[in-house]
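*Asks:* Given the coordinates of chain A, assemble chain B onto it according to the supplied hints.
Protein chains in written order, with this note's numbering: chain A, 1 to 460; chain B, 461 to 920.
Simulated from the structure, these hints should not be mistaken for lab results.
Warning: the hint list may mix true and false statements.
What follows is a list of derived Cβ distance ranges for each label pair [stated by the list, open to error]: (1) Arg-260/A / Asp-485/B: 22 to 30 angstroms; (2) Ala-130/A / Glu-683/B: 53 to 61 angstroms; (3) Ala-827/B / Ala-82/A: 30 to 38 angstroms; (4) Pro-645/B / Thr-351/A: 26 to 34 angstroms; (5) Leu-43/A / Val-744/B: 54 to 62 angstroms.
Covered, in the sense of this in silico footprint (three residues per stretch, anywhere, with C-beta under 8 angstroms from a C-beta of chain A), are these stretches of chain B [said to hold, decoys possible]: (6) 461-468; (7) 522-532; (8) 689-699.
The model shown is predicted, which means the values in this text are computed figures rather than measured ones.
Every residue, glycine too, gets a C-beta built ideally from N, C-alpha and C.
Protein chains: 2
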Amino acid sequence: MPYFDAASAAPLHPVARQALLAALDEGWADPARLYREGRRARLLLDAAREAAAEAVGCRPDELTFTSSGTRAVHSGISGALAGRRRVGRHLVVSAVEHSYVLHSAAAHEAQGGSVTEVPVDRSGAVSPAAYGAELREDTALACLQSANHEVGTEQPVAEVAALCRDAGVPLLVDAAQSLGRGPVPGGWSLLAASAHKWGGPAGVGLLAVRKGVRFAVRGPADERESGRAAGFENIPAIVAAAASLRAVRAEAAAESVRLRALVERIRSRVPALVPDVEVVGDPVRRLPHLVTFSCLYVDGETLLHELDRAGFSVSSGSSCTSSTLIPSHVLRAMGVLSEGNVRVSLPTGTTEEDVDRFLDVLPGVVAGVREKLGAPAAAAPSPAPAASLVVDALGRRCPVPVIELAKVIADVPVGGTVTVLSDDEAARLDIPAWCAMREQEYVGEEPADRGSAYVVRRLS
Amino acid sequence: MPYFDAASAAPLHPVARQALLAALDEGWADPARLYREGRRARLLLDAAREAAAEAVGCRPDELTFTSSGTRAVHSGISGALAGRRRVGRHLVVSAVEHSYVLHSAAAHEAQGGSVTEVPVDRSGAVSPAAYGAELREDTALACLQSANHEVGTEQPVAEVAALCRDAGVPLLVDAAQSLGRGPVPGGWSLLAASAHKWGGPAGVGLLAVRKGVRFAVRGPADERESGRAAGFENIPAIVAAAASLRAVRAEAAAESVRLRALVERIRSRVPALVPDVEVVGDPVRRLPHLVTFSCLYVDGETLLHELDRAGFSVSSGSSCTSSTLIPSHVLRAMGVLSEGNVRVSLPTGTTEEDVDRFLDVLPGVVAGVREKLGAPAAAAPSPAPAASLVVDALGRRCPVPVIELAKVIADVPVGGTVTVLSDDEAARLDIPAWCAMREQEYVGEEPADRGSAYVVRRLS
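Bound conformation, chain A alone (with noise of 0.2 angstroms):
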């Protein structure tokens, strides 16, 4: 049964497993106590700070433990900004930054500060340029990811470091999808990751600032980590996550390579096999074992369903698989087509045969899932085409709006427009995507009594 999604958690590895089980026995204790218990704990406690600060790059008085890699964002950025107060209160990051990312920056500007996000291209990378523009003088911070978690395209981090360098702002990297592969280059100020996405075990995050870098913890005192993370050590954890990352990355070289030539077959593949699909992220700038396509006509819940019922665990940016029923910002900042949405993210040691396994299956799910909804297969051009065309689409939720599109662009004539009315946020970002696709003039949106009006020109 081959689980998919390493990009959300990855399975212990058994370097964390066997480190976890030895130091629950000898690491449980509190660090800060004299006695030989807590000896103990502490000589723990240092010896993985000396790993993962070695294997981060950094010094071991530069890293602090934290509960999760959230809270390790969450911590760096505020510390980060209060530290700079005097600096200004301006915040910049990319549009395609993790969640956790764009929350604190909402907290931020709650509390009154200001943020800009930096647009994405196509391929979900800024332009060095375009992120160098947006530090100003009152710039307390800038963040970037090391590489984006739901198309792993890799961010140009070293040419941002150096411009934030010379602007003097500290730069946050988020590297939680990519510290298990190596440590993050350029010249960073902070730096967060999150073990469970190396092998780790949940509960450890890590956090780094350099030495120079004005920091001033926020919330209530705690005299432990620093003063950065409150609450009582997790060791045992930490012990597992420091000895895993290492073991990780000594595995990482030869693994990377394996999985990139897997991900690259599915590249070239999903569009062979599977019509109407489009492979979103940087085909060359990525992450080894992350890939990300979008299937025209689908919906991406059932299609999860049924890849789940067919043996494989993925995720997806699909509106209909998240709670607020909104497209995941990412697809939306790259402006891709986010409907029937697909992450595959492969753990180590993912084999050949489950990668095949994978592409046998899903044309047929994909077209099953097409089936149901009715989904456009192949054009059938009316016999007398009207000169436009409206479709009412309110209250049908994604991808029914792109079905209903495809289903009468042929039978308006060439140059003739449909008018798609909807309410759902995903066709915002579909339409057009649809519209690249598909070779169409997407004209542009217009404000309706419910919804909007999504107006498209056919050109062919």
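*Replies:* Frame of chain A, contents of chain B only:
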């Protein structure tokens, strides 16, 4: 090698270990995902919540798992204060709450809120009437521990809860020290606890918030744990925490009776075996497994080291064992001796033999420390007493100022005074405590060029 510091952290309970191992295999995936690994994780999380809620005495949807007890308290206090901000910004706490509560209170004050600390009596308990008198129209929240972590005294939670209910003020109970022994009585509104105190793993706290209590989450938004605990859920540890809470509860009644008898033995034997000892905390309304005493003329850090060499792991509230050189705020609030302070907290399964061996070893260890420090063994009046003496103990740390005082008290006639010059924080607490133990008169403290002058009149 007996470990007598269960109040800091308990070794992992066998049930916790077993549950943790099973859940590492079954509960590592993201419980928000729709595929089978995610659904399995969700089932484990739901079952753990049900079990923990039953033990706490609340509904499952009132209970949130946090990354530590500290986080549960920080979030509980900040959330309740924010939720009732329209009512006012007044917070009531007891003077002997755990530092994580007092640090939350300090953070609230730093943001413009007001805080009242309710004093305690010499046993460490608040008076319900005194507590109730501090509840005001603008009181947003009241906090009271179920039992004190340093001296074991139980607080009158039910009585204070009734007064809070009458005043319409929610009460947050820090149940860290007692939840493994039984549910918290009375009408609390919020409750916080920590798994590693009851033999669960580190990395799990719990926060219960009764339906109807106004609560507004602070900090960046996060969809997990009802928004009250940001970050990926640590399901294996949560499962282990819930399983061990049930297990220790099942053992609690019998084990508490057994430990209570062992602690009673320490309470009664120590003053008989060791001269000049003060056993502190309520002798009856107390935690079953915890006892604290202070030894005159003893340096707490040396005492801890010597006990550790003899094989006993205990902790201390003496100033010399804290990084700030300030005695425990709990002992200060109680007005009891802080020097040579020892806290003994017995873990489940402690044997009678271990306790007897501790009682065998303790007198010799204390005598050895006193001898090294040149503490007075017996009064030897000097031939020509002066009416008053000044002892310069400037620059000397606890317990030296009290030792110097004891050495010369017989050198002044009855009615004469000794003035001790000291710049050690512990002297402020320990010189009056010595006077009470020795039935001498503590005249008072006066400012001096350096430190303070503490004046003592010889009465006998």
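*Asks:* Please go over all the hints and tell whether each is borne out by the structure.
*Replies:* Hint-by-hint comparison with the structure:
Between Arg-260/A and Asp-485/B the beta carbon distance is about 29 angstroms. The supplied range of 22 to 30 angstroms therefore holds. Take Ala-130/A and Glu-683/B: their Cβ atoms lie about 30 angstroms apart, and the range 53 to 61 angstroms is violated. A beta carbon spacing of about 51 angstroms between Ala-827/B and Ala-82/A contradicts the range 30 to 38 angstroms that was offered as a hint. Our hint of 26 to 34 angstroms for Pro-645/B and Thr-351/A is violated, since their Cβ atoms are close to 57 angstroms apart.
A beta carbon spacing of about 41 angstroms between Leu-43/A and Val-744/B contradicts the range 54 to 62 angstroms that was offered as a hint. Counting residues of the stretch 461-468 of chain B whose beta-carbon sits less than 8 angstroms from any beta-carbon of chain A gives 4, enough to reach three: the coverage restraint holds. Using a Cβ-Cβ cut-off of 8 angstroms, 5 residues of the stretch 522-532 of chain B lie near chain A, which meets the minimum of three, so the contact claim holds. Using a Cβ-Cβ cut-off of 8 angstroms, 8 residues of the stretch 689-699 of chain B lie near chain A, which meets the minimum of three, so the contact claim holds.
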